[in-house]
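So the protein sequences, as listed, match chains A and B.
Here the first sequence stands for residues 1 to 186, where the numbers follow our numbering.
Here the second sequence stands for residues 187 to 438, where the numbers follow our numbering.
If a hint is listed, it holds; no wrong ones were tucked in.
Keeping only pairs whose Cα atoms sit at most 30 Å apart, straight-line, the calculated BS3-like set for lysine-lysine is:
(1) B:Lys413 with B:Lys428
(2) A:Lys130 with B:Lys290
(3) A:Lys170 with B:Lys290
(4) B:Lys290 with A:Lys145
(5) B:Lys191 with A:Lys154
(6) B:Lys252 with A:Lys154
(7) A:Lys133 with A:Lys154
Quick caveat, the hints were computed from the structure, so don't treat them as lab data.
Treat the numbers as computed from the prediction; the structure is a model and nothing was measured.
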Amino acid sequence: MEPETADRALLERKVRRAFQVLVLQRGRNPGVKGWEMRRHLGREYRKIIGVLSEDVAPMGLEVFEVKGPDGTDDSSRFLLRFKEPPTISEAETSGIRIDDLAVLAASIAFVNSKSGRVSRREVEQFLREKFPKWRVDYSLDRYVKRGYLDQDDKGMLHIGWRTRAEVDEKTLMTLILSRAQEAAKK
Amino acid sequence: MEQTKLDDYLRVIELCRDVETSSANPFDVDIREKILLLKQRLPELKFLDELLVDSEAMLELAQIVKLQDQWLKQRASALYIDPLLIQLKLKLLHKETLSEAFVKSWHPIAQVDQLSSRGLEKAFVYWRELTPMSERFKNQFGTYGIIPGVVEYSDLVSLGVFTAEEFELGLSRLYDELLQKSNGEWLDYRQFIEGESYGTKVRRAYLLAFLISEGRALLKTEPLTGKIWTMALAERVKGTPKSVAISITGDS
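Only chain B is shown next, with the shape it has when bound in the complex (with noise of 0.2 Å):
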């Protein structure tokens, strides 16, 4: 598409445009001579994108019309006042003074709100209708409904993930190598969980989580470095435990 074939189309939009999104006076536009030069460009306009282009100018230049109508019957009515001189008295005119020439001039609507039985009927029907939640989305997206929960230990025992003596078995080898490993120090959780793999590592903080709650282990966060310490404990300890929650990912 030659591109100085379409400038004068081009430019015809623009102009258009302008003063559609500006409060500038619409008989600033010539349709005449628009609509002219446009009929004289037609003949060299061959492609469908050209004559969209040409379509769309024209529709532009009805627009003008259009505001070029309202912009006559405002001015024509008695409401029309130079702007600047409105202006001018706004500004003069304390708060007070523009809210009573405003309630001076306003004549409120009267009207009852309220429900109606017919409506009540309506939102009765929407509400029998309306799929619930869980289900609403399910075509579209799947079953994603359920909430994040806490995994029991009868859960893990019943998935046939533990079985209970290797759980018990599990626990106390975990327990033994931490006791050893910490010596009365603190030692980092993370290096601790670490495992062969996502699996052995997310076994480890599961159990691990057990020692703590069992009061066999401690755990200690440091939030402004991120850090996270445990220690075995030679003697079970008593107290009221807190809940932390630690992120286990495949990379950490």
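Isolated chain A (complex conformation) (with noise of 0.2 Å):
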């Protein structure tokens, strides 16, 4: 075999490697950390996670980086993400309430202004006053559960994993600030 094709077969290879390490939940929480992606493609493992990222475009997906609490390369935790966001009749249908996601994009906007941590108390306060009790209540616990949200034992919320993973928070904030000045012109 000449040595540019088995080049080319052993990139395949990995990057097959990379995209079944990806598409596959080894543990608790969806992704593969930077050290695992190591230990299963080797050093360059970037660059093949560059390659499985173009091939995925097509499919509507992307490869998405979520950096660690220590900024390294070990701790970042990689992937496999819808590229573009789902229409509201797609995310309906994966079985997800309107108002759910309501009390999400509020939770995640209001922690947000608060400088990444707040009360839990002080959330579920703000959030009564648009949403029943029992609906803030079992909302926010299934988003804590789920990663969206973090609850430290000191019982403040924080911005969770998944939320970091998921959500681009800045798109967030821009529309809710963009609908809310609609709303007011009506």
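Starting from two chains that each stand alone, build the complex the way the hints lay out.
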């Protein structure tokens, strides 16, 4: 086999491996840590991920990196996610209620406005002005459990890892501000 | 330990904890001032307990520094918007608009959630190694896993509690006693089974249960008062028996 062909075959094998590693959930949370990627694909794993990201783009997917708390390559989490947001009807078919999404959107915006940490009690009080108590309690518990919000032992809420992975927070904040302006004009 | 000496420490700890458990600005704590205060007080501390309070105060101050770092990063990012402004905007928006804003900024994770052959193997090994429920806590709590059941007459005979003759004799003696005492009237069940000892009482209750099952005596319960009545019948009756659970304790 020609050296070039062999290199190409090796690259293809590694890209396939990267896809399999990313798409199959191994632990409790989705995604693969940087050190795991290195173990599976070798030191040049970022190049492989780059190739994979281009390969999955026609299918509307991308490989996304969520930086870890210490900012190192090893602590980063890599995920396969939708390149473009779904439509409202697509989101509804995934079994999530519009009310639940509204609670999550309001919670993320509220936590961000409070410099990224706010007591759960404060969030609950705020949300209860708009949503029934049972829905607020249920939704917050659910979103903490699913990783969209993070609750520490002092009862403070933070933005969770899943929000960092799935939500473009800047777009969300901009949309909330612009839509509110439109609503006010009406 | 002199309380006044530690007052400053306790105040620092309290202040830090208040900031940590609220969304207050962590820069409200003047770290430099507090550290100077702790430094000034340090030579007065002699005992281990006092030194531990000092280290606790330092730990709390370190937490505040961490919060200050996060606060600065958040403020520097484009995500920071005045809380009052965002609260006002959120109140103005309908649920539908809020969820639409979320969906438009949402990139769901794509993954396959399925059982792998490795997972299946692990599950199999776990199931194979799993000790049965009856054995699981034997070492800690002893054998308690036997569920309550029914002691049959044959079991009692085999255990030597009764002989067949004794049982029949006991049964007819009790029947005669009940017939005589009730004399066609309802008799208090608990008074009737009362004996010299707890063992006698259980034995009488057991025999009476047989008489009732055989249709030679009746039992009536009053759910509101909790009273139980019994009566002997001169002639055996036939019908569908109903089961009644009666607890017998040592003092009733």
